[in-house]
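Chains as they are written, first to last, in the working numbering: chain A, 3 to 353; chain B, 3 to 353; chain C, 3 to 353; chain D, 3 to 353.
No lab work stands behind these hints: they were computed from the structure.
You may find that some hints are simply not true.
No copy labels: a pair is met if it fits in one copy or bridges any two.
[What the hints assert, rightly or not] Straight line, CA to CA, 25 Å or less: simulated BS3-like cross-link-like pairs of lysine-lysine: (1) Lys189 <-> Lys150; (2) Lys301 <-> Lys150; (3) Lys23 <-> Lys90; (4) Lys189 <-> Lys301; (5) Lys62 <-> Lys90; (6) Lys77 <-> Lys101; (7) Lys77 <-> Lys23; (8) Lys270 <-> Lys101; (9) Lys101 <-> Lys189; (10) Lys101 <-> Lys301; (11) Lys145 <-> Lys77; (12) Lys148 <-> Lys77; (13) Lys148 <-> Lys193; (14) Lys301 <-> Lys270.
Read off the chains here:
4 protein chains.
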Amino acid sequence: MSGSSFGKIFKISTFGESHGKGVGVIIDGVTPGIEIDAADIQFQLNRRKPGQSDITTPRKESDQIHILSGVFEGKTTGTPMGLVLYNKDQISSDYNAIKDLFRPGHADFTYLQKYGIRDHKGSGRASGRETSARVAAGAVAMKILKEKGVQITAYTIKAAGISCENRDLSVIEHNKMRACDSQAAAKMEQKIRALAEEGDSAGGIIECIATGVAPGLGEPVFEKIDAELARAVMSLGAVKAVEFGLGFACVDMKGSEHNDSMDSQGFKTNNAGGMIGGITTGEDIIFRIAVKPTSSISKPQNTVDVSGEEQIIRTEGRHDPCICPRIVPVVEAMTALVLIDMYKREAALLS
Amino acid sequence: MSGSSFGKIFKISTFGESHGKGVGVIIDGVTPGIEIDAADIQFQLNRRKPGQSDITTPRKESDQIHILSGVFEGKTTGTPMGLVLYNKDQISSDYNAIKDLFRPGHADFTYLQKYGIRDHKGSGRASGRETSARVAAGAVAMKILKEKGVQITAYTIKAAGISCENRDLSVIEHNKMRACDSQAAAKMEQKIRALAEEGDSAGGIIECIATGVAPGLGEPVFEKIDAELARAVMSLGAVKAVEFGLGFACVDMKGSEHNDSMDSQGFKTNNAGGMIGGITTGEDIIFRIAVKPTSSISKPQNTVDVSGEEQIIRTEGRHDPCICPRIVPVVEAMTALVLIDMYKREAALLS
Amino acid sequence: MSGSSFGKIFKISTFGESHGKGVGVIIDGVTPGIEIDAADIQFQLNRRKPGQSDITTPRKESDQIHILSGVFEGKTTGTPMGLVLYNKDQISSDYNAIKDLFRPGHADFTYLQKYGIRDHKGSGRASGRETSARVAAGAVAMKILKEKGVQITAYTIKAAGISCENRDLSVIEHNKMRACDSQAAAKMEQKIRALAEEGDSAGGIIECIATGVAPGLGEPVFEKIDAELARAVMSLGAVKAVEFGLGFACVDMKGSEHNDSMDSQGFKTNNAGGMIGGITTGEDIIFRIAVKPTSSISKPQNTVDVSGEEQIIRTEGRHDPCICPRIVPVVEAMTALVLIDMYKREAALLS
Amino acid sequence: MSGSSFGKIFKISTFGESHGKGVGVIIDGVTPGIEIDAADIQFQLNRRKPGQSDITTPRKESDQIHILSGVFEGKTTGTPMGLVLYNKDQISSDYNAIKDLFRPGHADFTYLQKYGIRDHKGSGRASGRETSARVAAGAVAMKILKEKGVQITAYTIKAAGISCENRDLSVIEHNKMRACDSQAAAKMEQKIRALAEEGDSAGGIIECIATGVAPGLGEPVFEKIDAELARAVMSLGAVKAVEFGLGFACVDMKGSEHNDSMDSQGFKTNNAGGMIGGITTGEDIIFRIAVKPTSSISKPQNTVDVSGEEQIIRTEGRHDPCICPRIVPVVEAMTALVLIDMYKREAALLS
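Only chain A is shown next, with the shape it has when bound in the complex (with noise of 0.2 Å):
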């Protein structure tokens, strides 16, 4: 039932698959006379899109998108915007040799569950290209989050078991791991360029650092700031867990070590992240993400068919070995979203 939509006020609905005819986003309660053209969407989404380097997929996806209501002469009108990108006509003959094969790690076995159809043809609605119409979305959100001196930042600390020694983001869009620190992402390169060519693949760490958000925005008690960014970046398919401030560090600590106690110029620390009793502090909101390894990787692994019977399987096909750079533009799309939202629901509050 009905979990394509997100948001309670500036609210999206996406639909598509990767072997369809496109995929998209309708979104409804956006503020009206935002100035917005198409480029602003589209420069977030070719930080999104596939062979951005070698070590992302070579595949070619068409990403360009397309605006077909809620704005007029340039700015937003207030109805919903509905924006699309098409699909590139798919070969389906790639897909034949595993049409009735489950994937490790896939979703191929729990779609089959729960619709009853075997859409073999890519991974369907679980594929990553969902994910361009959720930072198609996130672009227009960003927009009027800059108004409000919102900055979101997302950026990779950990891959394929190096870990960045510092946080410059200054770096960030400068080398191909997006990480925060430039040496480490190059052993980072170094060793996802070997997993791939083993036919395996890497996982990582993903932080996100929102600064110049607002004080007093969540709702609780069941749709707290950190509650709704956890459901936001968990809705991701390669998420695996989430923490914020301190987060799994926290467990070992003293309440008197934990505590974020305050002077007169504010608070002295953010052990929190940035939020208490998921409401946010003023300070910056921080958390991470584990992405696990990309489960299509060209190794034979076991697996069974549609009809139980025990196979082999080697997923052809051009994946990327570790999917970090190109799901940082979506974690910070699926902040902005949830920001936004929180922006919009405190103003109603207090109205």
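Given the structure of chain A, go ahead and fit chains B, C and D onto it with the hints provided.
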């Protein structure tokens, strides 16, 4: 705006704060004809209530459940259940000393930022007492889930720096920590008592397993089973992180290691923790949460008052030195609320 | 599923039935800092309660409001308000005679069809008593709307076949019918008394006017102001029709007659009833509803019992021979709930 | 905020305006495995499209449906269906003459009030063209409802002051008015042609019957079947009133006359129109709506421009002199959308 409801079909709405007349919940969308009595609910509330042992707060709360509607001759009618727990009279003078101070790690500051209201009596809506409404609703969900063969069990696996060495679910309700290892539990208790004497507190990790869950549950692309579970548990005040299956450990693995392959008997491993693509596989759902050390400690801490003046605060009163034992039934309740809703949503999709 | 909530931002969830422990409502999304006390709510409840006059049911109900949460030192906190009205002990033997019979015009048959539960004590959730929760919530909405300059007034314009000849709002609260014409009211009362003596009942028409409403409210294309108001009042058990502005009379007019033209002073007419394209114009909102004759009558009627056997039924007990006077505050409450939500939604859109 | 979605489980979200690139709809929550092809949808769109006869607007619109997602090998997959109708190129100069004028009866004024945007090209989002997205979604709903035995039929019963004398459903699609009486239809056409020549327009009444609907549908207390149907049809721009069963006629009846009594064969009458207490009885659902005379007329009218100056306006262009024939499929579509959602909600409740 309206953050006090949870669930789409089996939908709960809660109210109440620690200092008011009571806390409660309306459950809408309850399957009609389910046998239920107050004892089913009271049993779970007793697992959450204060004063269970010498390592929980000795504070007295009346946790007696009152069913105001929705049950007729011992069975649910399908109309909303109204459940209330009345508060005992609070001695408001208890809080006079900290009337104008922001307690570190507490939501005092953020609630004032959000609502513009300084409600100093207890933690108001941010009080842990709010979770008793969730436990009551969860108990009703569990009754229905039980008929579907679902069993949910949460337990402490780490606290105060001490980890369980084995996972023996039979001992959980037989130690004060609700840990899955009796020996580790004894050490945890000892360590926590020592911290309490220092006026300090400890954090920990809770693991939760749901068995017997049907495959096919979860609503892509935004309301995936893991996204909804993450939101559910991240909406608890003390929780700072959540991970599914191998969680953060997956980031250092190769795809060939992490993918759960299948043979004719089904999945050979469950690294994913019971879901792929946000839909249940039929394997056990497994996740872990990070519980921060209790914010309320009697050790002196630096803070400011509402006018920004620096002050020293000592949060007197009787607080849990470690929230782990009492959060266990709350985690189970939130899990039950997600699962029952997903069962009903799947039925709606297919009908 | 979950039909007991109303509103998106200022959101109410209700529970309770006539035979249970009580009825109540949670109001989520209340503007913080609004002065409110129980008397504000009680005033409206008293306008709805039974036993107001000799042409309403003499049944005794305890309509005393209890505020369980959401108010601190006389002001709303912005957290959910929990409001309860406890039922008086019901003498269930009252209903034994009709235990197995379907009362004509009553929801006995349809509730059994829907829920599979035969709850013969009173009308359960379908009882008019359920509307007291709406009135309580509406009273809170009205407090906030009053600060925005909105005034909502409903009144009987026709009952028992007798129409008001003039529309004098000053007399509404001074006659038992809450009609806008004292002389017509006197005739209505007389006619209704005669019907009551025959064991029969009467219907009528209620008109509602909201003045001082800002232009720009309503959320096309599905949640237009008229669509939401229609839903609000059609959700009352006795209402069978609703019309806005000239309503059904417009069908015989030409466009040139029906269109409200403008001059430099604004709209010259208000045939539309205060909205165009589902958005308020700033003119008075005007609508009318058809109230069916009370279903509960003591005259013998043909019916069947739960096993399908034909029976004669006499609904003894003390029922309103005409529901018009008591539905007036309920219509006002529903109108207030729609308007407050729309004000908040407009604020959210523009922010 | 976000008024462009409809339905809870079978949920549609629409976008698009008359002057943009197109209009469309995402349908989320579609039952998987339903056979569907574009022709099923196109059939209904053709019933709504302009230029059907000499008494509808001769305006040309491209109403060709494009299915972008959610269907695989001729069957629904259970994932969102994305449907788009591209607009033909609009000649914007058509609207230059009225660029700054408020058209009487149109939403120009209220859209400007709400959004602060003056979008003069066509009626933008308030255009009747928006309803083609509803018709497309409704066609999908009807496919599923048909398998449940539900049949929905709407038709004109009055237009331009002329009423149908008999109710012959077999003639509806054989006259230009979609009326249920061929002779009355002929008179209506004649009258409407005369009005059109004067540059004026006519209103009418549409009746809708749904047969084969299961008993037990509808979600008290706010989302009753009649409340949801009322909202559905009142969300159409031209509709000013709705009544169920006997509707406004019930107000002059006694309870003993209006109550539908039962015998061993079931209900003896259907005065209620197919629902009691907001839940379907299993009898035919019957309701009627008032359709206002078309606002766009070429007769000169008084109005003001955006700066408040008084002006004379003539809405040139090609408008429907009576919207009745073309609103029929829209009313059926909205009815289908309510019913499919209620079927699914009932399944969710009971599961």
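Outcome of the hint check:
no., hint, in the structure
1, Lys189 <-> Lys150, "neither (38 Å within a copy, 50 Å between copies)"
2, Lys301 <-> Lys150, "neither (48 Å within a copy, 39 Å between copies)"
3, Lys23 <-> Lys90, "both (8 Å within a copy, 20 Å between copies)"
4, Lys189 <-> Lys301, "within (23 Å within a copy, 46 Å between copies)"
5, Lys62 <-> Lys90, "within (8 Å within a copy, 30 Å between copies)"
6, Lys77 <-> Lys101, "between (46 Å within a copy, 17 Å between copies)"
7, Lys77 <-> Lys23, "between (28 Å within a copy, 15 Å between copies)"
8, Lys270 <-> Lys101, "between (57 Å within a copy, 22 Å between copies)"
9, Lys101 <-> Lys189, "neither (37 Å within a copy, 54 Å between copies)"
10, Lys101 <-> Lys301, "within (18 Å within a copy, 64 Å between copies)"
11, Lys145 <-> Lys77, "within (12 Å within a copy, 37 Å between copies)"
12, Lys148 <-> Lys77, "within (16 Å within a copy, 35 Å between copies)"
13, Lys148 <-> Lys193, "neither (36 Å within a copy, 48 Å between copies)"
14, Lys301 <-> Lys270, "between (50 Å within a copy, 17 Å between copies)"
When each numbered hint is compared with the structure, violations occur for hints 1, 2, 9, 13.
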